[in-house]
Structures are given as C-alpha cells and as structure tokens.
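Novice: Take a look at the letters that make up each chain.
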Amino acid sequence: GAVVSQHPSWVICKSGTSVKIECRSLDFQATTMFWYRQFPKQSLMLMATSNEGSKATYEQGVEKDKFLINHASLTLSTLTVTSAHPEDSSFYICSARRQGVLTLYNEQFFGPGTRLTVL
Amino acid sequence: RKEVEQDPGPFNVPEGATVAFNCTYSNSASQSFFWYRQDCRKEPKLLMSVYSSGNEDGRFTAQLNRASQYISLLIRDSKLSDSATYLCVVNGGSQGNLIFGKGTKLSVKP
Numbered sequence: 088g089a090v091v092s093q094h095p096s097w098v099i100c101k102s103g104t105s106v107k108i109e110c111r112s113l114d115f116q117a118t119t120m121f122w123y124r125q126f127p128k129q130s131l132m133l134m135a136t137s138n139e140g141s142k143a144t145y146e147q148g149v150e151k152d153k154f155l156i157n158h159a160s161l162t163l164s165t166l167t168v169t170s171a172h173p174e175d176s177s178f179y180i181c182s183a184r185r186q187g188v189l190t191l192y193n194e195q196f197f198g199p200g201t202r203l204t205v206l
Numbered sequence: 434r435k436e437v438e439q440d441p442g443p444f445n446v447p448e449g450a451t452v453a454f455n456c457t458y459s460n461s462a463s464q465s466f467f468w469y470r471q472d473c474r475k476e477p478k479l480l481m482s483v484y485s486s487g488n489e490d491g492r493f494t495a496q497l498n499r500a501s502q503y504i505s506l507l508i509r510d511s512k513l514s515d516s517a518t519y520l521c522v523v524n525g526g527s528q529g530n531l532i533f534g535k536g537t538k539l540s541v542k543p
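Residue numbers (our numbering), protein chains in the order written: chain A, 88 to 206; chain B, 434 to 543.
Since no wrong hints were added, every one of them can be taken at face value.
Only pairs whose alpha carbons sit at most 27 Å apart, straight line, appear in this in silico DSSO-like list of lysine-lysine: (1) B/K475 <-> A/K153; (2) A/K101 <-> B/K475; (3) A/K128 <-> A/K107.
Chain B is faced by these chain A residues, among others (derived, beta-carbon under 7 Å): (4) F121; (5) L131; (6) P199.
To list a few chain B residues with every Cβ distance to chain A over 10 Å, as calculated: (7) A453; (8) G487; (9) G491; (10) V541; (11) P543.
Keep in mind that the hints were calculated from the coordinates and are not lab data.
Since we're looking at a predicted model, the values are computed, not measured.
Beta carbons are placed, not taken as given, at the ideal position from N, Cα and C, and that holds for glycine.
Construct the entire structure; sequences and hints are all you get.
Specialist: Have a look at this one:
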C-alpha cells in the first residue's frame, strides 16, 4: 500500500510558540491531503482540506490564521499551529488521497500522526 | 443528527466470540463506506471497504443497507489481537473527505 509519513511524531512546546507538522506521501502523488485532529476518546475531526497549488479549505470553526496549511508540492503538505496554547494539545493526523479511476472510491492513506503537547 | 453514529460500546467479549457493530449515516448521497481500525495512540488503518452486495474478508463481514443508511461489521471467532477501536467511516463531505464515527471500542479477553 501507499505510505504517508508525518514529522515529527510527537512534539512538546511552550505556550505561544509555533509548531510545524509535515505530511509526505512517499510513493505516490497526492493532489489532496486532509488534516484531522483527534482529542482523547473523540472521533477524528476534519480540520481542513489541502489541494496542491491552491488555498486550503477549512472546516467551520477552524481558524485559518491559527492553523496555516501549505501544499506546495504533490507529495508534501504542512500544517503550522501558530501561537500554540494548551487547548491545541491533540493528535494531528494527515491523510493523502491517491487519485483512482473511480474518483468516488479514491483511497486515502493516513500518516502515523503527530502528538502535540503544549505546556 | 450526527453524520455518522455508532454503537457507543465498549464491547468486552471472550476470545472466540462473535461480535457485531452497527453504524448509521445521515447523508443519503454518500457513496463510499469503510470500516477502519484504530489502535490506541495510533492512526486509523483501513480494515475493509463496504459494498452494497456485502463483503467478507476472513473473519470479517461488512454489510450495507442504503435504504436504511445502515452499515454493519461482524467479527467471528474474535482474537485477542482484534482489540481496538472500530471506526465507521463514510465518504461524503463537500471535499470528498472521510467522515468518521466516534468509534466503538472492542476488548477481547482470554
């Protein structure tokens, strides 16, 4: 199967700092990448959809100025949490969609996630 | 109504038991359906897609009822290694993104 990597796998930072998370599709091109967030014992919640070469589409309630997304190439998307606060502590997971013949059945492949802890 | 709703769980079953998970979805226009498995502190991993005709993969059987907007997963002869959270997932967001249920936790005991 296709491989998606995320870096870093975990990060601890002080309140007020910015954290960048990278999501890479290692062996396929991903025109679309998705960023999810998961709080303990909660479901994955979509934060934003990232399309290569265009601005990301954010879900309702997600601040685009706080969660900066860049998808500059077909294999890399980055999420930057700016001025992180303790309530931003969560498990951030990206997924990459590989275009298939039947677009309705495009597969998504998940990265291993990044666990962010803001002190 | 939540977009994807699942049995709340947790399900605690002995090895060898058969266990069934149910899921309903609200968007009748949804086209793709999946069951994912998520282990503690890990990313979700695709367990199986769900087709209208129903499909089986070893001990796992998935069923879809479009009229009722209902999806099920049956696990037969459960193993200790089946212990995980099972996520019902529907493709149907405006961006073609996946919509996740909250998950049902399964714990298989010896």
